[in-house]
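Note that the protein sequences, when read in sequence, are chains W and D. Counting in the working numbering, the final residue of the first sequence is number 276, and the numbers go up one at a time with none missing. Counting in the working numbering, the final residue of the second sequence is number 227, and the numbers go up one at a time with none missing.
Since the hints were derived computationally from the structure, they do not count as laboratory data. Ideal placement from N, C-alpha and C gives every residue a C-beta, glycine not left out. Treat the hints with care, as some may be off.
Only pairs whose alpha carbons sit at most 30 Å apart, straight line, appear in this in silico DSSO-like list of lysine-lysine [stated by the list, open to error]:
1) W:57 to W:212
2) W:80 to D:65
3) W:57 to W:80
4) W:64 to W:80
5) W:212 to W:160
6) W:57 to D:65
7) W:64 to D:183
Here are the computed distance ranges between Cβ atoms for each label pair [stated by the list, open to error]:
8) W:174 to D:188: 54 to 64 Å
9) W:131 to D:46: 17 to 27 Å
10) W:33 to D:25: 49 to 59 Å
11) D:25 to W:269: 37 to 47 Å
Not the full set, but computed from the structure, chain W residues with beta-carbon under 10 Å of chain D [stated by the list, open to error]:
12) 140
13) 189
14) 223
15) 228
16) 247
Residues per chain, in single letters:
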Amino acid sequence: MRKSLSIPGSLAFVLALVLITGTPTVTSAAPRTGSVTIIHGLPGFTADVYVNGKLLLDGFKPTSTAGPLQLDPGTYKVAIRQVGASADSPPALSGTVHVSAGSDISICAHLGESGDPSLSVFDNTFRPAAAGRSLLYVRNVAAVAPLTVRLDDRPVKRGLREGSEWSTATAPGRHTIAFDAANDVSISPRDIHLGEGVAQIVYVVGSAKANNLDLMVEAVQHLHSAPSGVLTGDGGLGADPGFPSWAIALMVAAGATLIACTRRILIQRMQPQ
Amino acid sequence: MNRLVWCTLAASIVVLVAVPVSVLASRPDSQVGSLEALRRSDVHVSAQTQVPGLALPKVRIRSGLLAREVIRRVGEIPERLRIAAIGVDAPVFPVGVTAGTTEIPPDVHDVGWYRFGGRPGGSGSTLLVAHVSSGTQGAGVFIHLRDLMPGDDIVVQMRDGSSSTFGVIARRSFAKDALPDRLFSRTGPSMLALVTCGGPYDEATGRYEDNIVVYAVPGG
Numbered sequence: 004m005r006k007s008l009s010i011p012g013s014l015a016f017v018l019a020l021v022l023i024t025g026t027p028t029v030t031s032a033a034p035r036t037g038s039v040t041i042i043h044g045l046p047g048f049t050a051d052v053y054v055n056g057k058l059l060l061d062g063f064k065p066t067s068t069a070g071p072l073q074l075d076p077g078t079y080k081v082a083i084r085q086v087g088a089s090a091d092s093p094p095a096l097s098g099t100v101h102v103s104a105g106s107d108i109s110i111c112a113h114l115g116e117s118g119d120p121s122l123s124v125f126d127n128t129f130r131p132a133a134a135g136r137s138l139l140y141v142r143n144v145a146a147v148a149p150l151t152v153r154l155d156d157r158p159v160k161r162g163l164r165e166g167s168e169w170s171t172a173t174a175p176g177r178h179t180i181a182f183d184a185a186n187d188v189s190i191s192p193r194d195i196h197l198g199e200g201v202a203q204i205v206y207v208v209g210s211a212k213a214n215n216l217d218l219m220v221e222a223v224q225h226l227h228s229a230p231s232g233v234l235t236g237d238g239g240l241g242a243d244p245g246f247p248s249w250a251i252a253l254m255v256a257a258g259a260t261l262i263a264c265t266r267r268i269l270i271q272r273m274q275p276q
Numbered sequence: 008m009n010r011l012v013w014c015t016l017a018a019s020i021v022v023l024v025a026v027p028v029s030v031l032a033s034r035p036d037s038q039v040g041s042l043e044a045l046r047r048s049d050v051h052v053s054a055q056t057q058v059p060g061l062a063l064p065k066v067r068i069r070s071g072l073l074a075r076e077v078i079r080r081v082g083e084i085p086e087r088l089r090i091a092a093i094g095v096d097a098p099v100f101p102v103g104v105t106a107g108t109t110e111i112p113p114d115v116h117d118v119g120w121y122r123f124g125g126r127p128g129g130s131g132s133t134l135l136v137a138h139v140s141s142g143t144q145g146a147g148v149f150i151h152l153r154d155l156m157p158g159d160d161i162v163v164q165m166r167d168g169s170s171s172t173f174g175v176i177a178r179r180s181f182a183k184d185a186l187p188d189r190l191f192s193r194t195g196p197s198m199l200a201l202v203t204c205g206g207p208y209d210e211a212t213g214r215y216e217d218n219i220v221v222y223a224v225p226g227g
C-alpha cells in the first residue's frame, strides 16, 4: 500500500491512496478533513518540513513524529530541507500528497533499501479489528535486507522487503517484537503494548550498514468493533411476567359469572310471566 | 332477585376489565427517561483543523521511538458497584470478549466491567454487565435492573479507593442483536451503562430475547 516518492531532483508524484471509507468512529457526521501524520525515519538529518511553501516543522529531528494534522481535502506539496536551509533552496526530498475527506495517511521520510533518502506515503485506512482483538502493522522503511518479523519469539513473517507492509490481528496486551535479517542483522526484542481495537504501526527505520536500525511506532485508534451481544441470563427467572395466576383465576371466575347471569336473564325474559 | 342478577353481571364485567388493565399498568415500562444528556457525543472531536494556504497550526511533535512509547489511560478501574434502589452491592471484575460476545462473570452475583470500553472519569461508556438470572444459580445481581428509574443513584467504587456517583437518566430495552454500539464506545461523553438480559424468555433456546440497558451520567 505504498507509493514511493522521488529522491532529490526528480519530479515527484505520489498517489496518496484516496479511500473514502466510513471509519468506525462514534462521530455521526462525515469527516470533512483528512488526517496526516509525518514520520521522520531518516537518520542523522534534522529537517525543515515545508507544506505548500510554508515552514510547518522547524528542526524536525530523526525518529520524531508530527501530527496528526487535519487537512482539508486537496493536493499539498511537501518539501524537506536540511534544517536552516533557505526556503527557496532545492529541497532534499519533495513530493505531492493528495488528501481526501476521511482519509488517514502517513508521510514517511526514510532510507530506501539501497540507502538513498526517500519519501513514502502510507494509507492508514484500516479495516476495524474484531471485538477483543488488536492489529499490528509492520512497515519496513529501512536500508536493510528483507526482514523476518518475530512476535513473542516466534517468526511470523519472513522476507519483508523495504517498502512493504505486513499485518496481523492478535490479542491485546503486552508483546515482544524483534527482527532479523541476513548477515547477522537483528533488532533485539522490545516490549510493545497493543490496545484492543487499536492498530499499532511499527516502522523499521535506519540502516543496517550504519548500524542504526530502530523502531518507530504510530497508533491508529478507534478501530474497535462492538461484541456481538451481551448474554446475561438463562433460567427465565427475570423474564417479563406473564399474567399472574391470581389474575387469570379471577378473570375465569368473572367470565363464568357473566355467562351464568346472562343465561339467567335470557331465560327469565323468554318465560312468560 | 332480578336486581341481584344484574348487579352480579355488572360486577363480573368490572372485574373482567379492571384485572387485565391493572396487571398491565403495574408492569415496569421498558422505555423510561431521556438520552438527551448524551447528545454531545455527536460532536466531532478533532485535534486541529486548518485551512490550506493560511498560517499552519502548531503541530504536535513527539518521539516516535518504540521504547519511548507511553501508554496513558484516563480514568479508574471499577471495583465495586452499589445501587441502593435495587439492593445491589457487588464486586466488579474486568471482562473481555469470548467467542465474539461480551464476557460475563460466571457467578451471577458478580458484575463484569468491559475492560476494552471506557472507565469512570474518562470519556466514553463504562459498561457493566451482569446476569439477570441463571438456570442453576437462580436470581442474578441485576434481577431488578428493570426497576431502576431516572434519578436513582449508582455508586461505583474504584480500585484506587475513590468512588463516583452516577445518576440514572434512562432505561431502554433492545432486541439482543440490536444493542447500540455507543455502549462500547471509548469516546464521547462520560456515561455509565448497565446491561443485563430481559424481555420474554425463550424456553427453547434458554435465552432471553432482549437486553435491558440503564444509562447513567456522572453526578448523583
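To see whether the hints hold, each was checked on the structure:
no., hint, result
1, W:57 to W:212, "violated (35 Å)"
2, W:80 to D:65, "holds (18 Å)"
3, W:57 to W:80, "holds (10 Å)"
4, W:64 to W:80, "holds (20 Å)"
5, W:212 to W:160, "holds (22 Å)"
6, W:57 to D:65, "holds (13 Å)"
7, W:64 to D:183, "violated (52 Å)"
8, W:174 to D:188: 54 to 64 Å, "violated (22 Å)"
9, W:131 to D:46: 17 to 27 Å, "holds (25 Å)"
10, W:33 to D:25: 49 to 59 Å, "holds (54 Å)"
11, D:25 to W:269: 37 to 47 Å, "violated (25 Å)"
12, 140, "violated (13 Å)"
13, 189, "violated (15 Å)"
14, 223, "violated (14 Å)"
15, 228, "holds (8 Å)"
16, 247, "holds (7 Å)"
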